[in-house]
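Trainee: Chains as they are written, first to last, in my numbering: chain A, 13 to 479; chain B, 13 to 479.
Derived from the structure by calculation, the hints contain no laboratory data. Just so it is clear, the structure is predicted and the values come from calculations on it, not from any experiment. Some hints here could point you the wrong way.
Just so you know, same-sequence chains aren't split out, so a pair can sit in one copy or run between any two.
[Stated by the list, open to error] Straight line, CA to CA, 30 Å or less: simulated DSS-like cross-link-like pairs of lysine-lysine: (1) Lys-77 with Lys-18; (2) Lys-462 with Lys-77; (3) Lys-462 with Lys-335; (4) Lys-462 with Lys-447; (5) Lys-379 with Lys-338; (6) Lys-258 with Lys-372.
Okay, here's what each chain looks like letter by letter:
There are 2 protein chains.
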Amino acid sequence: MANYNKVTQNMLRELKEIIGERSVWTSPEKMEPYSHDAVTGEKYVKYPEAVVLPGNAEQVARIVKLANRNLVPIVPRGAGTGYACAAVAHEGGLILSTEKMDRILEFDEQNMVLVVEPGVRTSEVQKAAQEKGYLYAGEPSSGDSSFIGGNVATNAGGLKAVKYGTTRQQVLGVQLVTPEGELVTLGGKLKKDATGYGMTQLIVGSEGTLGIITKVYLRLMPQPQQVMDLLAIFPSSAAAIGMVAKIMQTGITPVCVEFMDNRGIRCVEDFLGEKLPHSDNGHYLIVSVEGDHETVLEEQCMAIDELCAENGSLAVLVADPAKIWKARKSFGEANRARSLIFSAEDIVVPMSRIADVVEKLSELGQKYNMTIHCVAHAADGNIHADIMKEELPLEVWNRQLPLIQNEIYQFVYSVGGKLSGEHGIGYKRLELMEKFANPVELKMMRAIKKALDPNNIMNPGKIFRLE
Amino acid sequence: MANYNKVTQNMLRELKEIIGERSVWTSPEKMEPYSHDAVTGEKYVKYPEAVVLPGNAEQVARIVKLANRNLVPIVPRGAGTGYACAAVAHEGGLILSTEKMDRILEFDEQNMVLVVEPGVRTSEVQKAAQEKGYLYAGEPSSGDSSFIGGNVATNAGGLKAVKYGTTRQQVLGVQLVTPEGELVTLGGKLKKDATGYGMTQLIVGSEGTLGIITKVYLRLMPQPQQVMDLLAIFPSSAAAIGMVAKIMQTGITPVCVEFMDNRGIRCVEDFLGEKLPHSDNGHYLIVSVEGDHETVLEEQCMAIDELCAENGSLAVLVADPAKIWKARKSFGEANRARSLIFSAEDIVVPMSRIADVVEKLSELGQKYNMTIHCVAHAADGNIHADIMKEELPLEVWNRQLPLIQNEIYQFVYSVGGKLSGEHGIGYKRLELMEKFANPVELKMMRAIKKALDPNNIMNPGKIFRLE
């Protein structure tokens, strides 16, 4: 660990001069919510030395300059809905929360660009777009609570990535405070840009290690007029997953293709206290199509329906969107209710290998006698496998989890996959990252980090270690 | 300039050991085509000390290691169709041509990924995709001759970026030889990836300054079944350009929206010896829509037609695609025939500011008594303004060009624009880059370059200077 300094009384005084007395917190009660993110487990909890809540980019820049000068770590943080402990101050220092920077700054209809501060909730961005007939296509499952700045920092994926890509594809530019406290705008309202390196795209997904995002330029598109959801139910996970490539080969590009395995369905059913269709033995594929022409969508749904029937579906239902999305989005919460401690894996593989991964997970679950619930953003090759602790004694869990993860990721990397499709590495997956990532790629990432953050004060100890 | 070494006899011998006698060229006749790209003008010509033509990635890695150890610059080069002199050895050393690495390695239909070597022509990539019913959506105007590696290195734009984005959006991964000669695969057949920094996207558009691309993973999509082209003709450039935002607001997303001004149309007409419609006073907007349903496309074309008529179009014709695209794609060649020396600007601005830029260009053309022909990828905000030397004496041209460019880019940056939408910076725009780019952003780019290429041997003197 680098030789960081502690936050001194003097530094607190300076912080208060910059943002005011009431925006600098040091009491444990107020800092508790900032001591963790959505990951459960005592070993991930760490209190910062102080939480600061600036109101604008200039204040952020002054705070970062102060931290950099004093060699105090600084951790940018959105809503704390992350699944990788990226926004927790594991090396001490300051948490900089963007929650007061929550304004929609500009709705530029002509250029179809929305300019927002980082602390705007994702759902507020979606709503603002929708109200004027546009679509903001980023849709992480946590959208009701997550901040857009966090979406950008983690390159959040979600439910519409099949058709529209992840957050990366929605970001045209960012305003950034660099680790040395300089303010810079990268990109902007430009649909194209070949003016030097793609810096905006380097910042997207860098998990707050290369600077603090203080403004985001988001791409909007026309709001599709119609959406239809199908729920196709299969007697085995292999049959459900096998459909995905077949659907994608039809020429139809659905807006989402979600898989839920039977264990996950039952767990959600228990959690919601609601009967779900074919929950005794069914595995789900939820397919949504969006467009402007009802007849076209109906045609697409019929084609998908027929294809599923030919491939052994138990049923294909025109889904009640409220009910089915509630079930899908409750997956994480339901698992947590079943087992407060669980490990949410975020495997990503080439789409064609999902079935192999699901099979491998089932095999390993048996081998280690651990329950694993799966959902997948199936057309993206992104599998959320929640490994449940349940009744396992903590020491067994702590011993077994790295063993099963090791086997999982050996397999995942052997089929061209990676550690994370959309949750990021943060603190939680750092050991796995250092073990499984290509060493040359890691060296390149470390070199970039050192180049842009010479004092290693910006969210240190995340993604990889520097020493 | 750094203290580079010259290519010695000893080094040539080693190069021949790696790739064979016949793949190392030093004769001026053979090297002439490698002494320039598509940019005309003596001052941009520079012969390398040798041209090397490796046949695979391992050979590339060995050559780069050798160059790095000997402090000899190395310049990766595709088909040499660039407009920024990025693939010319202005600091001496080696040109590494990828022309022998021209294999399509894998057509993975299930994952809709095409894996190719860098020396495959863009049109070959398009053709390979099309033959199996897929679309490769990159479509630079130079596609018949450009290599896919060059497209990736420059983040080539082109005619379909409105709907599908630039080359950046088509690239899922690259295999790269780093400036220190290490071979690494970044990304792969993954639709999503949150496993550390977005390294693939940093390499895209880095103009060969951060390594040599030896393999590319390209995203395919379903081939749309139908395409319709409209040619809308307006009595003024302002009227034509004013239509662009209106069309985009309808909710229709065309696959391309191209603008040609009257001067450009007449120049092309002369060049082709073919009468073009309304060439006496017309300004063109070419709008294409793609999709699977003829009735939907017809509906869209009718809506666009009506909208143009309401906004003063002289005519809206269902375009003869062969004729109209030939005219559009002949723009550069026609200008070159008119004036061997001309400066092809690649301005990019927020879409809403194109009309202002075109007006400014017209005003500056009059002020400096220089002819400027314009086409624009209008919905992308990307304007190609060809400033013609014609009969101007060379010393007047050389004196005036920087003056008019200075005024152009002062205006462009004042409206949120940048130097290059798709051609890149290379050697040609380096002075303008250092003058107009944000100094903090430039500092970040330089820091990354130094971090990844400590000896500054990989295509030095491009985009920015290091000293």
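Trainee: Evaluate each hint against the coordinates.
Mentor: We went through each hint and held it up to the structure:
{"no.": "1", "hint": "Lys-77 with Lys-18", "result": "within (16 Å within a copy, 44 Å between copies)"}
{"no.": "2", "hint": "Lys-462 with Lys-77", "result": "both (17 Å within a copy, 23 Å between copies)"}
{"no.": "3", "hint": "Lys-462 with Lys-335", "result": "neither (48 Å within a copy, 54 Å between copies)"}
{"no.": "4", "hint": "Lys-462 with Lys-447", "result": "both (20 Å within a copy, 26 Å between copies)"}
{"no.": "5", "hint": "Lys-379 with Lys-338", "result": "neither (32 Å within a copy, 64 Å between copies)"}
{"no.": "6", "hint": "Lys-258 with Lys-372", "result": "within (22 Å within a copy, 52 Å between copies)"}
Taken one by one, the earlier hints fail for this structure at numbers 3 and 5, listed in ascending order.
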